[in-house]
Amino acid sequence: MSDRTIDRVAAATPALVAHKIKGLSDRAIAWIFVAPTIFLLLAINIFPLIWTIRLSFTNYKANRINREPEWIGLRNYERILTDSDIWLNMQATAHFLIWTIFFQVLIGFALAWFINKKFRGNDLWTTIIVLPMMLSPAVVGNFWKFLYQPQIGLFNYIIAFFSGKEPSSFEMLGQVNLAPWSIVIVDTWMWTPFVMLICLAGLRSIPDYIYEAAEVDRASKLRQFFTITVPMVLPFLMLAVLFRGIENFKMFDLVVQLTGGGPGSTTELTSINLKREAFEKWRTGYASAYAIILFVTVFGLASIYVKALNKVKER
Amino acid sequence: MSYSKLATASAIAIAATGVANSAQAEDLTLCWAAWDPANALVELSKEFEAQSGHSMNFEFVPWPNFADRMLNELNSGGQLCDLLIGDSQWIGGGAENGHYVKLNDFFDNEGISMDDFAPATVYAYSTWPKGTPNYYALPAMGDANGWFYRKDWFERKDIQAAYKEATGQDLREPQSQTELLQIAQFFQEREIDGKTVYGAAIFTERGSEGITMGVTSALYPWGFKYENEPGTYDMEGAVNSAAAVEGLEFYKTFYETATPPGYTNSYMGESLDAFKSGQVAMAMNWFAFFPGLAADPVTGGDKIDFFVNPPQNIAASTLGGQGISVVSYSDKQDAALEYIKWFAQPDVQAKWWALGGYSAHNSVLQDPSFVDSQPFAGDFLEAMDGVQDFWQEPAYAELLLAMQKRVHDYVVADQGTAQEALDKLIEDWTEVFEDEGKL
Numbered sequence: 008m009s010d011r012t013i014d015r016v017a018a019a020t021p022a023l024v025a026h027k028i029k030g031l032s033d034r035a036i037a038w039i040f041v042a043p044t045i046f047l048l049l050a051i052n053i054f055p056l057i058w059t060i061r062l063s064f065t066n067y068k069a070n071r072i073n074r075e076p077e078w079i080g081l082r083n084y085e086r087i088l089t090d091s092d093i094w095l096n097m098q099a100t101a102h103f104l105i106w107t108i109f110f111q112v113l114i115g116f117a118l119a120w121f122i123n124k125k126f127r128g129n130d131l132w133t134t135i136i137v138l139p140m141m142l143s144p145a146v147v148g149n150f151w152k153f154l155y156q157p158q159i160g161l162f163n164y165i166i167a168f169f170s171g172k173e174p175s176s177f178e179m180l181g182q183v184n185l186a187p188w189s190i191v192i193v194d195t196w197m198w199t200p201f202v203m204l205i206c207l208a209g210l211r212s213i214p215d216y217i218y219e220a221a222e223v224d225r226a227s228k229l230r231q232f233f234t235i236t237v238p239m240v241l242p243f244l245m246l247a248v249l250f251r252g253i254e255n256f257k258m259f260d261l262v263v264q265l266t267g268g269g270p271g272s273t274t275e276l277t278s279i280n281l282k283r284e285a286f287e288k289w290r291t292g293y294a295s296a297y298a299i300i301l302f303v304t305v306f307g308l309a310s311i312y313v314k315a316l317n318k319v320k321e322r
Numbered sequence: 022m023s024y025s026k027l028a029t030a031s032a033i034a035i036a037a038t039g040v041a042n043s044a045q046a047e048d049l050t051l052c053w054a055a056w057d058p059a060n061a062l063v064e065l066s067k068e069f070e071a072q073s074g075h076s077m078n079f080e081f082v083p084w085p086n087f088a089d090r091m092l093n094e095l096n097s098g099g100q101l102c103d104l105l106i107g108d109s110q111w112i113g114g115g116a117e118n119g120h121y122v123k124l125n126d127f128f129d130n131e132g133i134s135m136d137d138f139a140p141a142t143v144y145a146y147s148t149w150p151k152g153t154p155n156y157y158a159l160p161a162m163g164d165a166n167g168w169f170y171r172k173d174w175f176e177r178k179d180i181q182a183a184y185k186e187a188t189g190q191d192l193r194e195p196q197s198q199t200e201l202l203q204i205a206q207f208f209q210e211r212e213i214d215g216k217t218v219y220g221a222a223i224f225t226e227r228g229s230e231g232i233t234m235g236v237t238s239a240l241y242p243w244g245f246k247y248e249n250e251p252g253t254y255d256m257e258g259a260v261n262s263a264a265a266v267e268g269l270e271f272y273k274t275f276y277e278t279a280t281p282p283g284y285t286n287s288y289m290g291e292s293l294d295a296f297k298s299g300q301v302a303m304a305m306n307w308f309a310f311f312p313g314l315a316a317d318p319v320t321g322g323d324k325i326d327f328f329v330n331p332p333q334n335i336a337a338s339t340l341g342g343q344g345i346s347v348v349s350y351s352d353k354q355d356a357a358l359e360y361i362k363w364f365a366q367p368d369v370q371a372k373w374w375a376l377g378g379y380s381a382h383n384s385v386l387q388d389p390s391f392v393d394s395q396p397f398a399g400d401f402l403e404a405m406d407g408v409q410d411f412w413q414e415p416a417y418a419e420l421l422l423a424m425q426k427r428v429h430d431y432v433v434a435d436q437g438t439a440q441e442a443l444d445k446l447i448e449d450w451t452e453v454f455e456d457e458g459k460l
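As given, the protein sequences belong to chains Y and H, one line each in that order. Position one of the first sequence corresponds to residue 8 (my numbering), numbered consecutively onward. Position one of the second sequence corresponds to residue 22 (my numbering), numbered consecutively onward.
Treat the hints with caution; some may be incorrect.
To be verified - To spell it out: a stretch of chain H is covered by chain Y in this simulated footprint if at least three of its residues, at any positions, have a beta carbon under 8 Å from a beta carbon of chain Y; those stretches are:
hint, region
1, 117-129
2, 277-290
3, 417-427
4, 431-441
Said to hold, decoys possible - Quick list of in silico lysine-lysine cross-link-like pairs, BS3-like style, CA-CA up to 30 Å:
hint, chain 1, residue 1, chain 2, residue 2
5, Y, Lys152, Y, Lys320
6, Y, Lys282, H, Lys459
7, H, Lys297, H, Lys172
8, Y, Lys125, Y, Lys228
9, H, Lys172, H, Lys151
10, H, Lys362, H, Lys372
11, Y, Lys172, H, Lys372
12, Y, Lys152, H, Lys273
13, H, Lys372, H, Lys67
14, H, Lys185, H, Lys67
15, H, Lys445, Y, Lys257
16, Y, Lys172, H, Lys297
17, Y, Lys124, Y, Lys228
18, H, Lys178, Y, Lys282
19, H, Lys445, H, Lys246
20, H, Lys445, Y, Lys282
21, Y, Lys152, H, Lys297
22, Y, Lys172, H, Lys273
23, Y, Lys152, H, Lys216
Read the hints as simulated data drawn from the structure, not as lab findings. Each residue gets a CB set at the ideal place from its N, CA and C atoms; glycine is no exception.
Given the sequences, and given the hints that come with them, work out the whole structure.
Put into structure tokens, the structure is as follows:
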């Protein structure tokens, strides 16, 4: 008897089943196994996507069942791309995205660097650090709302302690200049541990002998850091940036809990605005076009980024 | 008849009665917002259950999610609710999209006359198109935005003297919007019993309808109008009139100079909290909450009093309240109509008021004892005489969210001017009405 796995599986197949599939090619059998998944994928992902694209060219409103939708061509796209308010939402999203990723990578890598050192209580600290990412965003949003409260909030008191200002003299969630930073702080607090864990995995994947060889070559610690640690952790770090970038581009729950998009529209990220258009104003056609624009943006950026990531890996 | 025959006949009769009862008895679900009057309605409905044999279930949703939850339910043709006490602004959509059952024939057959209800409530809660005798709801809960204040502080000699010294006037219930602001500014950051207090709690909430309801409480008294001529959708010069701009600037000044710190996203709950915790001297909120406030053991009783939204150029209040409708997707419409018939009775309406609900029935409102029945009853009557409501168009959600954005951007986020905010609002609303084919 052959040792090939497929032969062993064939031998173990009950005679009745074997009889039924007798005569089918390997390709046909493969299709039989894959078909349910493809069907589900088409039903759940592809069909809604095509349907959304179709709706984006109409003035359809899901709450107006008695009104026949009209084909309006590219009007929804034109409206969205020329709407200055939408560009402000895009700017708010870009601000949130860039600064959260910047701080999370910086702090996450630094934490991973320290945690990677052998010291007493290392495991305990790791557990404590990863706690925030285990919480629900709704819970985090709610309790940070209390922390930011100008009269009783701990955050204001800590800042007041160091700055000498009155705790109630500034409002993290209520002031236009502070609110965008308040959501950056909370997201950074919550998701830095995630970046740290990925960086930690990268750091622990570097074999010790590389550092030992560098020591033999009398490379300084700084040189070791920039020529060994950073290049070898970079693919991991880029993966973390990709995950956090995609996540934060569609950030909704945390910011809704904290600011509701306010004050005014200062922290109204695109996902919040999209939700309002789709499920509060019920402009389904318009919201479909909006969703397609966001999808193309994320898909395009992510594709470029993944190519860059693959290049880094190949080096 | 022999004993056995009698027993058999009795058994058949009992069984038949049982079958008849089980065929008629329904499990009705009434949907509304989760707030004080809803609890009163649960209590009131026990009488209906006893009389009709139907059982009542209630689906109460917190206010910030009420519109989202219920409009989704209606738009999806859901059968959760047999009866819905929906906001006044939903009446246009409810009627045009076929969510609500038209009640004209039912009212005619059962002898229910809309003349028995306060005209303002019939107009706002029941009719679509507005003002026409096409009824989609029975006025269930009259309501308007009003004010309450710390009477015990207002009556203190030291505070009265300080106010007189600061303003040259007597401290009293405000008679105008500007006096309201003056009093609020007087209390702002004042030390009372060793505690810093603030002027007033107003509505600034961004997510649902909060700031619009607050801002309109200033805009209406200044003379704000939605259209130059009702039904024309001609808004230029009405929405952004000089009086409207002044009213909006006033609300921003109020927000900036007379509210507690961090009061950037506040609605009903926050207003009640601010008042009950002794943080503010005055607060705006819906009359629906006033029975609970008057009975509050800490800040109620002798410590509280109420006043109608003060006039400025005219007397006007923002309308709240709701009508009760039968949902067209319900398969228990007969039982639901039975509930409305029962609810419309004058004696039930009297109990509704006694339990803490706001009846809109003339037999209750015109009763000579009504004004003295509660400390806020007279103010309620006065407010209902001058109520104005937001658009009640089928596209009301789009119109509302546009206003939420424009006024929050201006009042709270300090972006642009009042004139710009109202000009942009006209642009937004014009776009909505163009999409609707009304312009």
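Each hint, compared with the structure:
Residues of the region 117-129 of chain H lying with their CB closer than 8 Å to a CB of chain Y number 3, which satisfies the three-residue condition for coverage. Check result for the region 277-290 of chain H against chain Y: holds, 6 residues qualifying (beta carbon to beta carbon below 8 Å, three or more required). With 4 residues bearing a CB less than 8 Å from a CB of chain Y, the region 417-427 of chain H meets the requirement of three and the coverage assertion stands. Three residues within the 8 Å Cβ limit are the bar, and the region 431-441 of chain H against chain Y gives 5, so the coverage statement holds.
Between Y:Lys152 and Y:Lys320, the direct Cα distance comes to roughly 41 Å. Violation of the 30 Å bound is thereby established for this hinted pair. A distance of roughly 26 Å separates the Cα atoms of Y:Lys282 and H:Lys459; the hinted pair therefore holds under the 30 Å criterion. For the hint pairing H:Lys297 with H:Lys172, the CA-to-CA distance comes to about 13 Å; that is within 30 Å, so the pair holds. Proximity of Y:Lys125 to Y:Lys228 is assessed by CA-CA distance (about 17 Å); at most 30 Å being required, the pair is judged to hold.
Proposed proximity of H:Lys172 and H:Lys151 is contradicted: the alpha carbons are some 39 Å apart, above 30 Å. Distance check on the hinted pair: H:Lys362 and H:Lys372 sit about 15 Å apart at the alpha-carbon level, within 30 Å; holds. Between Y:Lys172 and H:Lys372 the alpha-carbon distance is near 55 Å, which puts this suggested pair outside the 30 Å criterion. For the given pair, Y:Lys152 sits about 24 Å from H:Lys273 by alpha-carbon distance, which is consistent with the 30 Å threshold.
Annotation: proposed proximity of H:Lys372 to H:Lys67 holds, straight-line Cα distance about 12 Å (limit 30 Å). Of the supplied pair hints, the one linking H:Lys185 and H:Lys67 is violated, its CA atoms being roughly 52 Å apart against a limit of 30 Å. For the hint linking H:Lys445 to Y:Lys257, the alpha-carbon distance of about 28 Å falls within 30 Å, and the restraint holds. Straight-line distance between C-alpha atoms of Y:Lys172 and H:Lys297 comes to about 28 Å, which keeps the hinted pair within the 30 Å bound.
Proposed proximity of Y:Lys124 and Y:Lys228 is supported: the alpha carbons are some 14 Å apart, at most 30 Å. Annotation: proposed proximity of H:Lys178 to Y:Lys282 is violated, straight-line Cα distance about 53 Å (limit 30 Å). Taken as a hint, the H:Lys445 and H:Lys246 pair is honoured in the structure, with Cα atoms around 16 Å apart against an allowance of 30 Å. This hinted pair checks out: H:Lys445 and Y:Lys282 have alpha carbons roughly 22 Å apart, not beyond 30 Å.
Proposed proximity of Y:Lys152 and H:Lys297 is supported: the alpha carbons are some 20 Å apart, at most 30 Å. Proximity of Y:Lys172 to H:Lys273 is assessed by CA-CA distance (about 25 Å); at most 30 Å being required, the pair is judged to hold. About 23 Å separates the Cα atoms of Y:Lys152 and H:Lys216, which keeps this hinted pair within 30 Å; it holds.
The structure fails hints 5, 9, 11, 14 and 18 (numbered hints given earlier, in ascending order).
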